[in-house]
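So the sequence lines, in the order shown, correspond to chains A and B. Okay, so the first sequence: first residue is 12 according to our numbering, each after it adds one. Okay, so the second sequence: first residue is 405 according to our numbering, each after it adds one.
Possibly wrong hints are sitting among the right ones.
[As the list claims (entries may be wrong)] Covered stretches of chain B (in silico footprint by chain A; criterion: 3 or more residues with CB under 8 Å from a CB of chain A, positions within the stretch not fixed):
| id | stretch |
| --- | --- |
| 1 | 410–423 |
| 2 | 426–439 |
| 3 | 448–455 |
| 4 | 478–485 |
[Claimed, not checked] Sample of chain B residues at the chain A side, in silico, Cβ under 10 Å:
| id | residue |
| --- | --- |
| 5 | 468 |
| 6 | 472 |
| 7 | 475 |
[To be verified] Among the chain A residues that face chain B by a calculated CB cut under 8 Å, a handful are:
| id | residue |
| --- | --- |
| 8 | 37 |
| 9 | 58 |
| 10 | 66 |
| 11 | 70 |
| 12 | 77 |
The set of hints was computed from the structure by calculation and includes no laboratory data. Don't be surprised by glycine CBs; every beta carbon is placed ideally from N, CA and C.
Read off the chains here:
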Amino acid sequence: MSSLSDSLRATVGAAAVRLLAIPEAETEARRDGEWCAKEVMGHLIDSAANNHARFVRAQLQDDLVFPATTRARGSA
Amino acid sequence: VTQASDELWPALVGLWRDYNLHLAHIIAAIPDETLRRPRAGHSLDRIAWQTVPADQPAMLEYLIGDYIGHLQDHVRQILALTRQAVGDGSMNSSIVLLGPVSAGKSTQGRLLSAALGRPQVSLDEERWRYYREIGYDDELAREIRQRGGFLALVMYWGSLIPIQSSDCLPNITTASSILGLVSTRAGRISNACGEPLRLTPTFFCCCHRRIERNRSVSSGTRSSSAGGPELRLQPALSTATELLRTGAPHDLHSRNDA
Chain A
12 MSSLSDSLRA
22 TVGAAAVRLL
32 AIPEAETEAR
42 RDGEWCAKEV
52 MGHLIDSAAN
62 NHARFVRAQL
72 QDDLVFPATT
82 RARGSA
Chain B
405 VTQASDELWP
415 ALVGLWRDYN
425 LHLAHIIAAI
435 PDETLRRPRA
445 GHSLDRIAWQ
455 TVPADQPAML
465 EYLIGDYIGH
475 LQDHVRQILA
485 LTRQAVGDGS
495 MNSSIVLLGP
505 VSAGKSTQGR
515 LLSAALGRPQ
525 VSLDEERWRY
535 YREIGYDDEL
545 AREIRQRGGF
555 LALVMYWGSL
565 IPIQSSDCLP
575 NITTASSILG
585 LVSTRAGRIS
595 NACGEPLRLT
605 PTFFCCCHRR
615 IERNRSVSSG
625 TRSSSAGGPE
635 LRLQPALSTA
645 TELLRTGAPH
655 DLHSRNDA
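Isolated chain A (complex conformation) (with noise of 0.2 Å):
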């Protein structure tokens, strides 16, 4: 199905255009306990990482039964 690939690509495609205008200081600015961005990307590599595995054994297994990873906030 084409379209969650072209919508995967589009929303990368834009996004990295804005992402990468963000001066690198910025990027490591922590408010308060929040994830400062660079926290946050590394959780959206992690979680390409996680779901790339589970992508694949979708289409190996009857279920969509996988083990569960380590982050608790913002799971996916």
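Let chain A serve as the given structure and place chain B on it in line with the hints.
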């Protein structure tokens, strides 16, 4: 758990983008039946962003949509976070697109302009103003074009380059004809704004070949000082615009821009 803060931001964003483009390929290849088959057994009540109750069947299509939703949510979070820090930082820097005729500067500029909601400025207008400044002869140009065609006209434009080669960006003004002229004007603007020029790789490749060729021709006759604005590659920008271009009309060769 990733130790993200030791890595540079552009590297992280680039990895994230490329990884997701890879995932997009994988997703595109999944058969509809696999995507939409209801699966009684699942753990989406625990692992999903927007969970599905354990007693309801779930589909892979949902899981993928949920992944994209989660990703979009965090992108919004980052953009909001960084805006909070110092205004809207993403709107503060200029993006200058350089390249020879028909490279696609205007096309990419238009797509970027739409994507980022920022105005697009064409240096073509600058170019003609500059030509007048340095005594460009309209009558002569017409005659040259009539006799020798467009290529001859380009050479006439090129012959005006030495006049402004003492400007900033000496390493770029050695590029041929229009490219050199536009680069110099862009370089001036860049200097005036105190910002680096950003070249997309597509353009850089075109420029680079020309620069190298011109350097080898004029080596020794021109000092290749390291002054002038820094040339910074923005690979992601190019890839993003390539993506944005998908579905947009390909009119790179139908226009006569410079």
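Hints, verified against the model:
no.: 1; hint: 410–423; in the structure: holds (count 11)
no.: 2; hint: 426–439; in the structure: holds (count 11)
no.: 3; hint: 448–455; in the structure: holds (count 5)
no.: 4; hint: 478–485; in the structure: holds (count 6)
no.: 5; hint: 468; in the structure: holds (5 Å)
no.: 6; hint: 472; in the structure: holds (5 Å)
no.: 7; hint: 475; in the structure: holds (6 Å)
no.: 8; hint: 37; in the structure: holds (5 Å)
no.: 9; hint: 58; in the structure: holds (7 Å)
no.: 10; hint: 66; in the structure: holds (6 Å)
no.: 11; hint: 70; in the structure: holds (6 Å)
no.: 12; hint: 77; in the structure: holds (6 Å)
Hint check: no violations occur; every hint is consistent with the structure.
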